[in-house]
Each structure stands twice: as structure tokens, then as C-alpha cells.
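*Asks:* So the chains spell out like this:
There are 4 protein chains.
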Amino acid sequence: MDTLGARLAAVEAGRVVIEMAWARGLTQQHGFLHAGMLAAALDSACGYAASTLMPEDAGVLTIEFKINLLAPAQGPRFRMEGVVVKPGRTISVAEGRAWGIAGDGQEKLIATLGATLMTVVGRDGIRH
Amino acid sequence: MDTLGARLAAVEAGRVVIEMAWARGLTQQHGFLHAGMLAAALDSACGYAASTLMPEDAGVLTIEFKINLLAPAQGPRFRMEGVVVKPGRTISVAEGRAWGIAGDGQEKLIATLGATLMTVVGRDGIRH
Amino acid sequence: MDTLGARLAAVEAGRVVIEMAWARGLTQQHGFLHAGMLAAALDSACGYAASTLMPEDAGVLTIEFKINLLAPAQGPRFRMEGVVVKPGRTISVAEGRAWGIAGDGQEKLIATLGATLMTVVGRDGIRH
Amino acid sequence: MDTLGARLAAVEAGRVVIEMAWARGLTQQHGFLHAGMLAAALDSACGYAASTLMPEDAGVLTIEFKINLLAPAQGPRFRMEGVVVKPGRTISVAEGRAWGIAGDGQEKLIATLGATLMTVVGRDGIRH
Chain G
0 MDTLGARLAA VEAGRVVIEM AWARGLTQQH GFLHAGMLAA ALDSACGYAA STLMPEDAGV
60 LTIEFKINLL APAQGPRFRM EGVVVKPGRT ISVAEGRAWG IAGDGQEKLI ATLGATLMTV
120 VGRDGIRH
Chain A
0 MDTLGARLAA VEAGRVVIEM AWARGLTQQH GFLHAGMLAA ALDSACGYAA STLMPEDAGV
60 LTIEFKINLL APAQGPRFRM EGVVVKPGRT ISVAEGRAWG IAGDGQEKLI ATLGATLMTV
120 VGRDGIRH
Chain Z
0 MDTLGARLAA VEAGRVVIEM AWARGLTQQH GFLHAGMLAA ALDSACGYAA STLMPEDAGV
60 LTIEFKINLL APAQGPRFRM EGVVVKPGRT ISVAEGRAWG IAGDGQEKLI ATLGATLMTV
120 VGRDGIRH
Chain B
0 MDTLGARLAA VEAGRVVIEM AWARGLTQQH GFLHAGMLAA ALDSACGYAA STLMPEDAGV
60 LTIEFKINLL APAQGPRFRM EGVVVKPGRT ISVAEGRAWG IAGDGQEKLI ATLGATLMTV
120 VGRDGIRH
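Taken in sequence, the protein lines are chains G, A, Z and B.
FYI, numbering that gives the first Met the number 0 numbers position 25 of the first sequence as 24, with every residue one higher than the one before it.
FYI, numbering that gives the first Met the number 0 numbers position 128 of the second sequence as 127, with every residue one higher than the one before it.
FYI, numbering that gives the first Met the number 0 numbers position 11 of the third sequence as 10, with every residue one higher than the one before it.
FYI, numbering that gives the first Met the number 0 numbers position 123 of the fourth sequence as 122, with every residue one higher than the one before it.
Hints were generated in silico from the structure; no laboratory data involved.
Hints are not guaranteed to be accurate.
EDC-like cross-link-like pairs, simulated, lysine to aspartate or glutamate; straight-line CA separation at most 20 Å [to be verified]:
1) Z:85 with G:106
2) A:107 with A:80
3) B:85 with A:106
My request is simple: use the sequences and hints to build the entire structure.
*Replies:* Pasting the structure below:
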């Protein structure tokens, strides 16, 4: 989150919003936010969202995610939302959406992500 | 690539290898390399691999990718390989694999990624 | 659609609903609807949804899709919805959701699907 | 498998091959094998492959899969291969590949699939 310059904008049961600003170190060769950075932020949003529905002593691990990049990730600001579609004792499924926010406040959907997450209990060093 | 501390270790027609070292800023809450950083490097490897089979004046855009995280991304070093499975005039498909490399040189498969990439020609500012 | 015993329940711009009934030939080893059959119906719903936003002489091809299986696909009836998230001249992205419908009418989300679709114009034999 | 007209051509530890013939009921609107049918067969191949590495009393459930459709699924015959990339106590990851086989025996890669599978033990009615 620090590397990404991101912050939690909203946390509720099964839903998390992360906001971040464009930064030069995060861009790819065309000057947009790199797909991997978008993925990192959306994966984090989904992981946090899932963890809000897990036991306190549980950790969350991402098993897999798929991201669709819908439009160039032009900022200067970005909002990522993670929502749990199906909570589960072992396996949870969450969906993420990312919007680019222009200087005039106009928003554009730039990416969707679907993640499969696993609840992990009792492994040393793995706590959310 | 700079943010990730990554470098190109091999480039051939339809195949690219990227190597990178573990760095604290790239880790998630459990101390391992963050999934998004792995994804960024694997996506880059796949994109470079696809671009080796495209016309010189073409750019490559990732439409989507899916990543499976197989094991904790413990380094201290990592190797990412991108290989084109199906080159195409408009759409190409590539697969990526990431290995963690321990201090004694032992390698472990930590992630697989499948990407769909698009050839882009003649848009300003989009060149590979 | 015939093999699946499916029918179009709703068609509007960017959204299609397909309904189908459970049938023995479509089940896997546990007696539920097979994941592939769910995928076939959801992919069809997404493809139809995308085609509603394409030129009349264009065809639609699925480039890729990912499906998450959330719960056993118990019927006896099923509803599949395909919605276009991002229409595009060449590439469109759609999302599908499937619900199992019990005898008492209660619905349960059983699968989500995300598809990348391509507009195809002027290839013989490919018309939607 | 019966609906698909498929048969097991090879079964070994962590790898399964399924062969099937083209049939009119399985095609989509362009006359090729429907993506969902390809997905059904590839998912089955991956599931069987994973089950070969699981305890005898365990069942296998597909959590999710992604399929890339690389070329029109022209037969008249097809071969699907499922290979376990990462076996696990709870979660396994497998990859599938499908080839179309022409009348003269020439093969063409038509689809790749990546699946996440779960080992299920001790639930009634779920046995592989």
C-alpha cells in the first residue's frame, strides 16, 4: 500500500474502497498506470473486503485473480472497490472495479478484477 | 521495470525472461512479494514476448490476464518467463511462469499467468 | 442452446437473460449441472449481450472467459444473465451470473463469469 | 462425458488425456464446437488429472477456470490434455490444452485452460 501511495477510503462488511494517486514510478511504457499496479491495488481491495467477513485470527491469501483492462489508466487519481460476491468458510470470491478520476472529477471504469481468496488460520506469520 | 528492480535476462522470438530481486517495498503483509508485483513482472514478460513477434511499429496492450499464486513468493531472487502460446495479427495469447530462487539456488514454481494481448498500430504514444 | 434446453428470457441493449432446466445428460459425477454446461450457457448469454451492441453485419467471438463456481448447481431451474461491462469497437467485456432456482422459487447465486469478446466483420460464415 | 461423446485416452499420475469427436449437437452458431463444450471437456481433463494425486476417498471440485479460445474448434476429432501444475492438500492447480485433429491427422492448438481445484473429503455424494 505504501509503495502504491494508496489509502483505505472505506471499510465495511464485505466491501472496501482504496484510493490512490498517479505516480511516475508506477507507470508502464505508455505513461499510464501499469496493469500490475492496478492489479496490486484491486487485489488488495478484494483481500481486505474478504477479510472483513473472516474470523479475527484468520488471514487471507489470494489463490488467483483475473483482471480485465478496459481503458488506459489515466488519473490523476484512482478509486478501487472490492466487494465479496460469495463468502465462504475456506474459499471466498470477490470482485474489484477500478475507476480513473480526471481533474474535473469525471470517473471512468478502467479495470475489473475477479479474485478467489482462501481463509488461512493458525499459520505463523500469516495474519491480516 | 525500474520500480520492480527488474532486468531482462533473455529475449528471443516469442520468449522473454525477466529476473528481479526481493525488495521490502514490494512485499505484502506477510513479508512475501506482493501478488500485484509478481503480476506486474509476469505481465511485462508476456507483453515483451508478444512484442517480439509483432511488427516494429506496433505496440502491445494487455487486454486481460489471470494469475494463479501457487506458493509464497519467497526469494531472495525471482525469475519470470513469458512465452507466446498463440501469436496473432490482432490478438496474441501468452503464458508466464514465476520461480522463487533460494539462496542455495533451488527453484520453486510460485505463480502461473495467462495473458491476452492486443497488437496496436498507429496510435500516438503507444510504441513498444 | 438446444443441447442445453435453454431459451432466451430477455434481450435488451447490452443485457441478455437465458433460462434453462436441469437435465440428466448435462450433469457431472455428483449429480449437479456440469461446470462446462454452466459455462456454455453463461458464455452464450455474454455473447448475445455483446452482439446487441454491435453492427448488424458483425459476428461475436469469445476470446476468453473465466468462471467461478460458487455453489453446487442444483436446480431444477437456472437463470443466466449476461451484461456488457465495456462495449468496444473491437473488444468488448461482459459479465455473467447464474442462479439456481429451487422448487419453491428461491434463488441462489451459483456462478460468475467474465468474458472478453471480439467483434468480427466480414468473415464468411460468421454472423450472429 | 457421455453427452460429449468423450473417452479417456490416457490416465497417469497428474495427467489425463480425453478424446472426443465432433457432433452436431455440440456446435455453436458458426458450426464449430461450442466454447462451453470445449470447456466442459478440458475442465473434466483437469479434474481427473488432479484426482489422480488425491486420496482415494477424496472428491475434486472445480473452484474456477479460465479458458482462452485460440482458433475455431474444427475437428472432426479433438484431444484434450489436463496436467497438474501444482498439487496441494486443499488446492490444486491444473492446466489444460485442446487440439483439433483434421482428417489428415494434422493437429492444431485450439484452446488453453487454467483451473483451480479443491480436494473435498467426507461430504456425502461427492466422490470421484
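*Asks:* Does the structure break any of the earlier hints, and which numbers would those be?
*Replies:* none
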